[in-house]
Amino acid sequence: MWIRFEVNGTKVELDVEPRVSLADCLRDTLRLTGTHLGCEHGVCGACTVIVDGAAVRACLMLAVQAHGEHIVTVEGLSNDDALSPLQASFRKHHALQCGFCTPGMITTAHALLTEEPDADAERVREVLSGNICRCTGYIPIIKAVLEARAHYAGEDAPP
Amino acid sequence: MKFPAFEYARPTSLDAALGLLKVHGGDAVLLAGGQSLMPLLAFRLAAPGLLVDLKDVPGLGAIGIDAEGVRLGAFVRWCEIDRNARLAAAHPLLVEAIGHVAHYQIRNRGTVGGSLAYADPAAEMPGIAVTCDGEIIVMGGAGERRVAAADFFLGALTTCLEPGEIITGLRLPAWPKDRRWAFLEFARRRGDFALAGTALYYDLDSEGRAVDAHIGVIGAADRPMRLAEAERAINGSAVDADSIAAAAEAASLEVDPMEDFHAPVAYRRALVQTLVARALTRAAG
Amino acid sequence: MKPGNLLIGAPMERVEDPRFLRGAARFVADVNLEGQAHAVIARSSIAHGHIRAIETGDALAIPGVRAVITAHDLGPEVPVIPLRLQPLAALEPFRQPMLAHGKVRFVGEPLAVIVADSPQIAEDALERIGVEIEPLPAIVDRAHAEAGETVLFEDHGSNVAIRWTAMRGDAERAFANADYVRRETFRIQRHAALFMEPRGLVAQWDATARKLTLWGAAKVVFANRRILAASMGLTEQQIEMIEVDVGGGFGSRGEFYPEDFLIPFAARLLNRPVKWIEDRREHLMTANHARETECEVEIAATADGRILGLRGRSWTDNGAYIRTNGSVAPRNVAQFMSGPYDIENIALSTIQLTTNKTPAGTYRGPGRFEGDFVRERLIDLMAKDLGIDRVEIRRRNLVRETQMPYPLATITPYESATELDSGDYRELLDRCLEDFGWAEKVKLDGQLVDGRYHGIAIGCFIEGGGAGPSENARITLETDGSISVYVGSASVGQGIETIMAQIAGDALGAPFDRIRVRHGSTGHVADGGGSYHSRSTVMGGSAIVLAADQLRDNIRKVAARALGCEPAEVTLDADTAKGPSDESLALSELSEESIEAEATFSSDKYTYAYGSLAAHVAVDAKTGHVEVIEVVSIKDVGRIINPATLHGQAVGAIVQGLGGSLLEHLVYDGDGQLLTGTLADYMVPSAECFPNIRSTVVELKPSPNNPLGAKGGGEGEIIPVGGVIANAVAAALADSGAEPFELPLSPPRIWALITEAQSHR
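Protein chains in written order, with this note's numbering: chain A, 1 to 159; chain B, 160 to 444; chain C, 445 to 1205.
None of the hints are false.
Footprint (simulated), chain B over chain A, 3 or more residues, beta carbon under 8 Å:
#: 1; stretch: 6-19
#: 2; stretch: 39-47
#: 3; stretch: 53-62
No lab work stands behind these hints, which were simulated from the structure alone. The beta carbon of each residue, even a glycine, is placed where N, CA and C say it ideally should be.
Take these sequences, add in the hints, and give me the full structure.
Given below as structure tokens:
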């Protein structure tokens, strides 16, 4: 099936089999391998991408469902020069070790803070409870996301 | 765990969707949020020939609030229920219960209709539908029919939906402002399916006694159910420590928990008793 | 030369991080080769039986399917996975064939390899494979395993693979004369490492050059290459194993699995690159399981609480085969059960059983988590029985600094003796008590507050690390003045590129950003030990220190020639080499060729990091839910390279320990079917479960066993968690009399303990 969608600001047009997941389409066809597959049954969150502003599990979505949508992957949250404030906060707080869950954490946190820049620790934990990490024990991740809030609320936002 | 091969259609009208179901029969399945369907396909527990995506079918995504109550279109997603400011006042028990569904990413996709059709015995939406005298609106080849939630769920992952039918919405009766209610579930981790849960409400007569109690449980049988004995123990009484204890005990005896490796039957019964007691205590304030 | 402390000890941000944060890392699933085919593994869905037939015709008929490989295709003798650690002849009968033939012995055992043009087609073909297995009774518990009516290995004749014995002193006499003896049976459940990146490999065979290249290597790359070469009839030089980014290991990834042979074999057979990535359901039933142990242990003590001895038997459920390191945990249960305590008389044995379940291997703190659960529970029980404060009783029994090196029990067979190297165990116990606020919190102990019972507990632990025999490093001063460090240590996510650069930087006196670390792959060093048993910093780091010394000598030699002086007269700083009369040369202009040095660090002495961990729990007696209110830990590693990354590992280890204590459980039914086959059923901690953990790492007592003075520190904090949580729950429920002896402490189990305890009153 021919589908057209936008990913990280670039329009793409592809012929995909209906059964190909959005995750596999991004990874294999578009070679955007930052989105990871940790379980392929909708539990671990490593495959999280942002579809029209909403964080979704790309392993539970078909590529054909992305027709007409705006998709942002972890690659779209970076630029070549510097790490984004959210990424820099993760690095500062050592919120990653093996790095496999990290893209999903970044996209989920970005989606959350874009909508709710004043999310408190409880809300951040609640939202990230859908992303499994086996290395960090989560505490530095929560700290990193909380510190990054300031950048989503504007310069004069309270910490 | 790649999906098996299937065709995909995205009809732009309900009639077209019904038409596809009629032609393909049991070989077609409906796709709404996909949060329950896709894992099934990933595990190859189902191998439909055709997925019918309801995304472009108009009229399924509305949340309606009026004097008659609340109407949720089948394609209403959990996140939309979260964000609807009027709904929290119009049906607080619904909103509270839905707050426990799964996780952030799933809530951005999962739908009312999908959950009702999937009929997981521990799911919140079927639980609310049954507890709150919900009515499920179904469209089929012969037109629209309405099914009382109490009659809709037949067993674990089984509903009375006929082949070729599509859930279009759920109606919940109007919610009086002074109603006492509570929702309480127990899960191993936030977002997991509940080991058991209860949704309940009652009104108070002029004497401060409970009337019209509705005590529903999820995860304690092969489908959500209302507990008539527990309701009987509360109706006509003041909701106090004694009546709460009686209702909770009745509840534990009335449920028919399935045994699985997560929890033995005796535990689930005790859990139901605890949850009903705590929920009633909370409702009573 | 002992490296200085400019970089070492600094909480530097990791050089690895940017690519992970941008989604620009390269995990094996991200490796794609032109023309690659995809493999899936057909696996047994029956736990035990005779293979009558494997029908491949229907699968081969699907367009796009390129091959279906069964045991027959592997040659006259099906290769087996060798024993990497403890290669005892007694364990050889239990080695796993690369593909099942004759019999299947666990659900998930590989039966065939399907290679197709896409993973989708390969999975479609999986459904068309016809397997005929004549089932045999499945052995899934200790009783049936020991009864031996059905055995997994008919030639061997029993399901007891081997018995390990840890002995010290005279336990017989100690128990006979003890004032106090208490004996209990403990059970630790089957659970696993569950790293987030599924296993995978990409293999490419060059038929002209007769060379194999493999991406996705991990953990013990050189050892795996040796194994692979032997099983494929190649020399090691014909195989290059490339370690890309690795998504966690925890002791489980990187051991040699059947796929590590099957995928390269398929690539060579088809003369086409083959890619294989496991899925999560497959992972749960094929990556090493761990921890399932039953222990009948007794403790002997004087009336004033001095522990005299530990005696007893443990049984580990090792699953269907003994793979590369399957005997490590059973050995450790016995040898390290005494932990940091001065226990002179020990007679502990571990019986390793074969059952029709997934094979077991090492998982963070293997055998130690289990042993500590037993010992710490016995100590708290003893304290209660003797009426002695449980903190005080620990203080009385901890090994003293003056007793070190302190010999632990000797383990046989594969006789191995080890000693605790250095440490002030009491000091850390005291610091932990203070940091935790024990004096205040103890007031809550056993109290019912807001409907929940509160309990606290503390435990002491040691962490063995720095396993030898050796590690290699090579350092090159490039012609542009930059420094390349090659080390045999493998990355499993622990920040090797950063840590090793810190060590190299200080050893060379060079700035951090001039150093680039390459690790793991066989192209980097002649041989490598790898990353396991918390050895990378100790072994790899020490090798770097030695190589750095050598490199400085080599640089001085080159500089001396150019400056016309003796090497001993040359002084080096970060940028220059100076002669005796202050004439200097820039290092980046020293030579037209790079200058290199290679070194090996060898040691046969383990290091022992140590510490204490305390926990506060609140138990809902009605639901059985245990909330972990707070965990506080402290550990001494002798020398900290990067406190931030080390702290990160500590917190991660504690959370894994909490998962193992409360949530995680690989459950089998009576037919040997794994019931927990998804991440919805196998529950690991999520971000909401354990939000209050504070962990401190200190450098108090260096290890005398290596030039860094470091002790391996990647595992430790997981070790005490089971015992401490169980003790805290027991303390909370003291009034009810409920005593937990079995993990996990799930709500139904807690509820049942309370209900049963109350019914006995």
